[in-house]
Structures are given as C-alpha cells and as structure tokens.
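2 protein chains.
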Amino acid sequence: MMADAAAEPNRPLVPVLAVVGVGLIGGSFAAALRASQSVGKVLGVGRNASSLAVARRLGIIDATATLEQAAQEADLIFLATPVGAIGPTLKALKPGLRPSALITDAGSTKVNVVAAARDALGASISQFIPGHPIAGAEKTGPEAADPNLYRQRNVVLTPLEENSAADKAALRRIWECCGARVISMEPEAHDAALASVSHVPHFLSSVFMWQVATAADSDLRMTLAGSGFRDFTRIAAGSPEVWRDIFLTNRPAILAELHEVKAALERAELALQSGDGKELQDFLERAALARRFWGSRSGLS
Amino acid sequence: MMADAAAEPNRPLVPVLAVVGVGLIGGSFAAALRASQSVGKVLGVGRNASSLAVARRLGIIDATATLEQAAQEADLIFLATPVGAIGPTLKALKPGLRPSALITDAGSTKVNVVAAARDALGASISQFIPGHPIAGAEKTGPEAADPNLYRQRNVVLTPLEENSAADKAALRRIWECCGARVISMEPEAHDAALASVSHVPHFLSSVFMWQVATAADSDLRMTLAGSGFRDFTRIAAGSPEVWRDIFLTNRPAILAELHEVKAALERAELALQSGDGKELQDFLERAALARRFWGSRSGLS
Chain E
2 MMADAAAEPN
12 RPLVPVLAVV
22 GVGLIGGSFA
32 AALRASQSVG
42 KVLGVGRNAS
52 SLAVARRLGI
62 IDATATLEQA
72 AQEADLIFLA
82 TPVGAIGPTL
92 KALKPGLRPS
102 ALITDAGSTK
112 VNVVAAARDA
122 LGASISQFIP
132 GHPIAGAEKT
142 GPEAADPNLY
152 RQRNVVLTPL
162 EENSAADKAA
172 LRRIWECCGA
182 RVISMEPEAH
192 DAALASVSHV
202 PHFLSSVFMW
212 QVATAADSDL
222 RMTLAGSGFR
232 DFTRIAAGSP
242 EVWRDIFLTN
252 RPAILAELHE
262 VKAALERAEL
272 ALQSGDGKEL
282 QDFLERAALA
292 RRFWGSRSGL
302 S
Chain R
2 MMADAAAEPN
12 RPLVPVLAVV
22 GVGLIGGSFA
32 AALRASQSVG
42 KVLGVGRNAS
52 SLAVARRLGI
62 IDATATLEQA
72 AQEADLIFLA
82 TPVGAIGPTL
92 KALKPGLRPS
102 ALITDAGSTK
112 VNVVAAARDA
122 LGASISQFIP
132 GHPIAGAEKT
142 GPEAADPNLY
152 RQRNVVLTPL
162 EENSAADKAA
172 LRRIWECCGA
182 RVISMEPEAH
192 DAALASVSHV
202 PHFLSSVFMW
212 QVATAADSDL
222 RMTLAGSGFR
232 DFTRIAAGSP
242 EVWRDIFLTN
252 RPAILAELHE
262 VKAALERAEL
272 ALQSGDGKEL
282 QDFLERAALA
292 RRFWGSRSGL
302 S
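Chains E and R supply the protein sequences, listed in that same order.
Just so you know, the first sequence maps onto residues 2 to 302 in my numbering.
Just so you know, the second sequence maps onto residues 2 to 302 in my numbering.
Hints listed in this document are in silico derivations from the structure and should not be mistaken for laboratory results.
Heads up, some of the hints might be wrong.
You can't tell identical chains apart in this list, so a pair holds if it fits in one copy or across any two.
Unchecked claim - Calculated lysine-lysine pairs in the DSSO-like style (CA-CA distance at most 30 Å, straight line):
no., residue 1, residue 2
1, Lys-95, Lys-169
2, Lys-263, Lys-169
3, Lys-279, Lys-140
4, Lys-279, Lys-92
5, Lys-169, Lys-279
Using the sequences and the hints given, assemble the complete structure.
Spelled out as structure tokens, the structure:
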C-alpha cells in the first residue's frame, strides 16, 4: 500500500488515509501523520456529523466520506471506533475494498478484534493488521486531537500469520512517523497484560467514583477530595461507551485479574483489621518502590 | 499568641514558628508564611539531620531546635509528622510549653489525634487546635516544599471546646495567609469523609500496585502501562510510614468504607460476568458524569 520513496520521491508515505472515528485517537493519528508530512489526503468517516465538522474545521481531515468511499479510495484505513464497532465496520468496508488497501485499528482489546476481523473479512484478512496505541484517552473528541499524542508512546501490533512482511514493515514505519515505539506480540498476551494495567484500573476507578457519587453525603465528600482523589479517579471520566465495549470484549482476562486484585485486597484488609503495622508498611513499601521505579523509567511521570 | 497588628505594625503575624517535621507539608507551610511575610523566625525540629540541613540550605528554616527549645521559644508550633508521632511529640513539648504558644497539626486523621492530644497535654489542651490541610503529598522531603502548595486548597480545622475564640480566629488567619480556604467540622465527620475520598483510594491504589509488581510477568505489564496506570497509581508512591499511620489511626472508618466499595465492586463485577452491557454503561456514565462535574468545580483538574 505504501508509496515507494525511491521511485516516487514526492509521493507521501500514505497517499490517502481514511480515519473511521475522528476523536482523540483517530484525530491524533491523522494530525501526527500530517505533521510529519507522511500523508496526502485525509478522509474522515463517522456517525457524528458535528464531530466530523469540527475535525474538518480544525484541518484534521480534508473531506468526509462514507465507509464505501473509504474502502475504494484509501491506501490506509485507521479504525478508531469503540471496539464493539470494529466488526460491523469491517463488514461494511469489505465489498468495495481495494486489494492494495491496508487496514489497522486502535482497539484496546485484540483477541476479540481478531475474531471479528476474520469473520468480517474472510479471505481479505491479510489486509488487516491489529494494533493498539497505548496513549491517554480521558479527553474525547476531535478538539482533543494532538499530533504529539503518540510521541514516545508504545504501540502494540498483534500481526496475523496472513499479513505480508511488506505490510507489517509499512505499518511499523507509519507508527514510527508518529513518534511511537512499536512492539509486536500475540493477541492473548496483549489482552492479559492490558487487563492488568489498563482495564482493571479503569474498572476500579469507576466503581469507586460511582460509590462516592451515590453516597448520601457525596457533596461533603467531594468538597474534601484532594489531589489524590483527582489522580485516582481521572480515568473514570473516560468515555462510557468505549469502556463498556472494552470490558465486554476482554471479559475473561479482566475477571481473572479482578480475582487476583481482590485476593490482594483481602490480604491487606486483614493486616489492617488486625492492626498489623509491620505488614501494612511492608506492602506499602513494596508498592511505593515499584511505583517510583516505574515512574522513573516509563517517561510518563 | 498572635502579634497585635494595630499595636505593633512591624511585628509579623507569627513572630517565631516552629515546624516539627520539615518535609513537603511542614516545609511548604513555613515557605508560604515566609512568602506572605507573616513569619519572623522559623525553627526546624526533626529526627532526620540531613532533611534539616537541606531545609536550612534552602532557607525554609532559620535554625534547628529541639522540641524543648521549640516549646519555650515558639509562638506557633506546627506538627507535620506522621500521625503516629503526634502524641509522643506533644508529650515532649508539654513540660516547657509557653502558656501563650499555639499548637496545630497537619495529620490526616483527627479523632485519634484529638485523643492523643488530650492524653498528652492534659490541662493545656486549649493550646492545641487540630487541623488537616488537604494538599498533595506524593512528593516528599524539604526539596518538594512549595509556598503555593496550600493556595486555593481546603484546610479542615476540628476545634475543641477548650480552644479560645481568639486562637481559632488567629489560626484561621494564618492559613488564609497561605492562600487556603478554612473549613471547620467535627473530628468524626472529617475522618469518615477522608476515609472515603483519601484513605480508601490510597489503600486501593497501593494494593493494586503491589499486585502488579508481584506478578510473575510484572516487567511486561509495566512496559505496557500507560497514562491511566500512571494516574491511578500515582498516590501509591507516597510515604509508606505516613500512610501506615493513617491507616492504623483511622481503621474503623476505612474498614467501613472498604466494605461499601467492595459491595459496589461485587455489583459491577456481576454485571460484567453476565455481560450486561446496559448496566455497565449506566454505572460508567454515572461515574464519568460525577467525575467530570467534580473536575470542573474543584479547581483541581
């Protein structure tokens, strides 16, 4: 799908990009490729007419398109919809899909997306390379799009055996143009790790926020909430639709991980109940050291 | 204890301040009063000689002192130690305490502090006004001291019936010089609200961080952790000693609140287990709306 730089030096890496779902994730992808002069024309596809209008006004997309038009015109199609919409979107793209088009996604779960893609694309499955950029998403909408969102961030690709080496290299190069680091792994390993470090924290943060908000004295509580509360609950402000889909599509891995977290919670609670200061301090120290070490090497805090 | 501004216009509001525990909280209090020209001399008291040396080098304190010296010389004594050290500190201050000295604290729990203070001070209890500035504490040490830490932040005072109206007004004015908003309430109400919005989040964040750090594949997990993980676990990096004491001194309120959070978690988990997308979305929406509303009115995010 990619332009051959040696043969056509003035042709951009991605002549025509179609972004399905022009919010933070899709808009930032388009903006990053535009900032690095890697894209020719950007088509925006979406259900929300006002989001598309904003994206066009901000110069994130050049024109709006239907899925059928995107399938026929685009060299690269980037799916940045809630994960539950990826299967239906691929089904709609399939009939008119250019054989040279490459499709990737930004879904936070991969086992389910791979299954939906195989079902939707059939023999065209080689044109789909599953992906997941690990980048913040508490802000939503095209207004939040940022060409630097993926800079120094990890992007996981879970390529299929049907994908060609050339397509895999091309997609890797495209993400690197956005400033991202590309990691390849199996979909199952991705989903288990993300259940732990992304989905479970979101679940716990939202449950906690729900519990505080529905308490009889929630006004007083929230008046006394400080910066710890702010940080702990920030992710709970994320898109309910996006996270509902993530929870439903990665259910077994999330339930398994919640089981482990609850076992750890029981243990810490028992130490608190019995007033065991030494065990409390041990677990707090281990947590604090691990968090400080992660903070110093992640580049994220 | 306070200088009478009308009688002595050049005398600072707090002629001599003693700060016990010169870390983020104590250092920022001294720095804020100095920045507003409300303090004359600042004495630093602490067990850690190198922290005191740093505080002196940074100009946060003018001199180091023992608790006995602080009791004899200070007009205001600010206790910024872990809450477990407040009782023993007050006992050491008591024998030589100037009758005009006012003492306050920054402890995150208040019922336990009030009991320890009554026990330690006896008839001098009127000189102690319990307090709790609600300000971030994930960074530690005098290097993190910031004269603006308390600006626009809430400070809860839980005055005792023995405190004089003049002393209560003086302490309120001192905190207002730091840029803080002062709220008065009962110690029990404070501890219940803080258990909900501060202590339980810290407990959950630390348990979660502990669980991820002790998993067999923790390296992979942490490589794939993004900004959601960063925010959710930021408080887990806080001082283990400080938080052990908070947990132990506010145990009943924290255990009661953990019980409520676990009930909410069971309910959400059941919705996930049964694949109930509607209930998941309802709870995610309620949480997201509450968090966004809090963010817009708290001034914290």
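To see whether the hints hold, each was checked on the structure:
Taking the shortest Cα distances, Lys-95 and Lys-169 sit within 30 Å of each other inside one copy (20 Å), while across copies they are farther apart (73 Å). In this assembly of identical chains, the alpha carbons of Lys-263 and Lys-169 never lie at most 30 Å apart, being 39 Å within a copy and 44 Å across copies at closest. When the C-alpha separation of Lys-279 and Lys-140 is checked against a cutoff of 30 Å, the pair qualifies only between copies, where the shortest distance is 23 Å, while the shortest distance within a copy is 40 Å. Only between protomers do Lys-279 and Lys-92 lie at most 30 Å apart by alpha-carbon distance; the minimum there is 24 Å, versus 58 Å within a single protomer.
In this assembly of identical chains, the alpha carbons of Lys-169 and Lys-279 never lie at most 30 Å apart, being 51 Å within a copy and 37 Å across copies at closest.
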